[in-house]
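Student: Assemble the whole structure, with the sequences as input and the hints as a guide.
So you can see what is in the structure, the chains are spelled out below.
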Amino acid sequence: MKYSLLPLFALWIGCSEQQPVPQPTPSQPMADLSQPDPTPSATSPEALFNQGRSLQARADFSGAEGRYRQAIASAPDNAQYPYYLGTVLHATSRYGEARAAFEKSIQLKNDYAAPRIALGKLLYDVDGNADKARLLLEEALSLAPHATEAQYTLGIIQLREGLSEEAVNLFSQLVKSDSSNAQARTQLGLAYLQQNDLVRAQEELQRAASTAPYYSPAYHGLGQTFIRQGKVDVGQRLLQRAQQLEEEATQLTPHQNALRQNPNQPPAHYNLASMYARFGRLREAAQHFSQAITLDSTYALAYQGLGNLYQRLGSTPESRATSAGRARALYQRALQLNPQLAETHNNLGLLLHSTGDVATAVEHYEKAAELEPQAGFYQANLSRGHFELKQYDSARQAAERAIQADPSLNGAHETLGDIYAAQGDWTNALSAWENIGSQNTTEALDQKIAQARSHLSQ
Amino acid sequence: MIRSTAYIFSVFCVLGTVPIYAQTIHFVDVAARSGIDFINASGSSEKQYIIETQSAGAGFLDYNDDGILDLFFTNGVAASDIPNSTSGTALYSGQADGIFKNTTDASRARLSGWTMGMAFADYDGDGDTDLYATRWGTDVLLANTGDGTFTDRTQISGLGSPAWGIGASFADFDLDGDLDLYVANYIEFDLGGPPFFDRWCTHNGVRAACGPVGAEAQRDLLYRNEGDGTFVEISERAGLRGRSYYGMGVLWTDFDDDGDPDLYVANDGHPNSLFRNDEGHLTDVALVQSVAYSGDGRPQAGMGVAAGDYDRDGRFDLFVTNFSQDHNTLYRNSGQGYFLDVSGRANLAGSSRPHMGWGTFFFDVDLDGNEDLFVANGHLMPEIEQAGIAMQYRQPNLLYHNGGDGRFVDISQNAGPGLLITEVSRGAAYGDYDNDGDLDILVANLDAAPNLLRNDSQRSGNWLSLQLRASGPNTAGIGARIAVYTDQGMQLREVRTGTSFQAQNDLRQHFGLAQATQADVLVRWPDGTEQRYPAVAANHIYTIAKEQKKITVE
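Protein sequences appear in the order of chains A and B. Following the numbering used here, the numbering of the first sequence begins with 1 at its first residue and continues without gaps. Following the numbering used here, the numbering of the second sequence begins with 1001 at its first residue and continues without gaps.
What the hints contain is simulated information worked out from the structure, not anything from laboratory work. The beta carbon of each residue, even a glycine, is placed where N, CA and C say it ideally should be. Mixed in with the good hints, there may be bad ones.
Stretch-level coverage of chain B by chain A, calculated; a stretch enters the list once three of its residues show a Cβ under 8 Å from a Cβ in chain A [as the list claims (entries may be wrong)]:
1. 1192–1206
2. 1284–1290
3. 1293–1302
4. 1456–1468
Tutor: Encoded structure:
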């Protein structure tokens, strides 16, 4: 009898429990490994300001505010200090104080564009005042014609106010100076769409989607463009893609925010990487797993996560073999650091299993099952390993444990049937296979069932 | 000399921009002097819970069929810090002298608990107007007995969803002659349980009630009228199988002019839904039709909905009110299989950003033949005024004049004292309560008395008001499309229930005729029957009787 190789259970990735990210307390800002913690003892306004910038970059707004205020107290005529104070106050939703800080900055230096831009954005986003915001942003652009934030925000306002020609001009300037600016290019496409210039809209939105393949507004605009061209099917597919990306973005956002607030915490990188891996964004996932390892070379979970990624890579047999080798090394490193990682044992087992080293694979499945006895899929993999080693009793016991833990594990039912069939017990084999149910059947399973029935009818 | 010229120029500019119509539009709040003593109470004044932020609805109906509009108000539950508030819902019967008489108890229309929205229609085809009220708690169907009282038929009818209902609307969606019902439901909410009990969230840096983000969306429900006084819930069978959203305002409108009513639902914080009706099967085509998101691809916080042919091209356009710091959205129906977000081009974007919009409707306020637009506003958070931003809790409502060129002008500041009122408004509806030929406005306010804004504008145009009548079961012609033709072109209306936000408008269809003294009327009834009435004289309220094929002055 020839047995088809069952798809083994799920390379178990991206579904690990999220790791707690230690939170800094207000009195104890999170440690920055790259720089010493700035202390208020540095008294020059410039030093205080630089400390404030550093703290702000790490989302320690309270610390940054303190430094900026000290800098202002020492150098009250410096327009930069109240501007940055305003940005911190804006970020912490203290809008009235932020507005006053921006206005103070403009008062100190009337040709300073940055506080005008910040104030314009605040007035538009928070006060809802489009007219005043537009005025400030136009003033800022007369002072700093290439200020990208002013161009972008003003472009958005013009677009929403129906002034698509003005918006086209602004977004065109932005993409001319930075062709990789997918946000601006998307808005340029949407402005063309508003003008019903579908050819240009399609061109810009396609370029935006190709520059930023996970940026949903580009797909949304592109979908609309195709629909307006009468290509409804393509348009609908693109709109569905946009919706899917939006859902993913919703799930990614809390992890991205956590990382922004804790840029030096390995679990923050790990959690975000796991989410990226779940959505197939392997490059970003690899980057954050690697960053977690850079920050903490003993962080076993990150090695495991990176190993999972390598196990999915490779488009040719050679490249797959290379990636598998890397994955194996990463799993082994993870287990060296923490031998209690059941998932890593299971995934290493799967990798070894796929390369024909079933005996060692079984050892790892056994360890995974021992660490997490309620995880049915570890038992199912163990059962398959034992079965292939013709250790039928162990295989049957593991399959039964798998089914007991999770009766919906079809692979375990199939393996159990295979074990019975290998021992000539066609009645139990048929019963096990039929437990899978017709909605989950495969051609191979149908053949097995037919074979069993044939044996039983003889 | 130069200064003097500049001065003259600026004066000229100011004078030149004062719109002529703004001098003639005049609304006055006559609620108190008209006998309306209702005072809404929605929990406590601090608004820790999301349920406390919405339960104020209002609608026009004629429950006693005397040709004079009556009023219905929904209500929350009072906490001790809302003085003199009314307990439960209220029904006021309109009198010929413009005074309203409280008939809540006499008519048995008092509903306790948290009542949200409403839809009025003759669901059982017995010739009088029944009342469906959505609630946080079991929705209620009050059947009109015909003797001035209502009786609770919720259980026997098979209605009465326990979900938190907001919007509701009747229409004959399967074209079998009787009225079916759609109910937009909001979120799973337990006042004493997770995820929001005893918690505050923050928004714009100040305390805010938590939700809806973080709460499970409750599924909207479609009920088919079985024609025997009962309904069967057929949401999934009819195609409503997608993800549930936080449903708010809802209306039925035949946006594709194929003869059956389609459905538009505003969803809070989620993409809006537009269900195309294909012989009783509903398919969400909001994305394809570009009415799910704003034109720049963002989901908005949809609250109230309106449909109207503001540009008089023979197609119904859609309008959705949204959260503050975002714009209300006008979607123009291109007639080519998609809508366009023209909020900015129509001059409706910037002016709406400082306001949080709720009830809304198109109506021809100055009888010039173009449908104008009203938006009721009010923030969610009493503490928003402490956020250091230019945002008020009590906000003025917005009245936009339609210039007939695709653009609207905000005339709220020049439209009389009624439009200068600042309250926390929610539901809003229009109707000609005094039967004087112009349209008045009813606004429900949170923790306050409602406003009945009588239209005292200087009359500058002629008008027509049309009431449809048919022998059962759809006795008011819900879903009928009415086109009125004058020398100035065509105007289009549709008979709708629900709509706006927790509100219902006058079922009579009102047309401003400008200087035309007569108009040709074309009615397309829900069953597809068309009737033409040529040269109908202006300035009357008419009844059009389907079976008799007659139009008569009321």
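Student: Are there three or more residues in the segment 1192–1206 of chain B whose C-beta lies within less than 8 Å of some C-beta in chain A?
Tutor: holds (count 4)
Student: Examine the segment 1293–1302 of chain B for residues whose CB is less than 8 Å from any CB of chain A, and state whether their number is three or more.
Tutor: As far as the segment 1293–1302 of chain B goes, the hint holds, because 7 residues have Cβ atoms under 8 Å from chain A.
Student: Please verify the coverage claim for the segment 1456–1468 of chain B: does it have three or more residues whose C-beta sits within 8 Å of some C-beta in chain A?
Tutor: violated (count 0)
Student: Examine the segment 1284–1290 of chain B: at least three residues should have C-beta closer than 8 Å to a C-beta of chain A.
Tutor: Three-residue rule met by the segment 1284–1290 of chain B, so holds; n is 3.
Violated hint: 4 only; the structure is consistent with all others.
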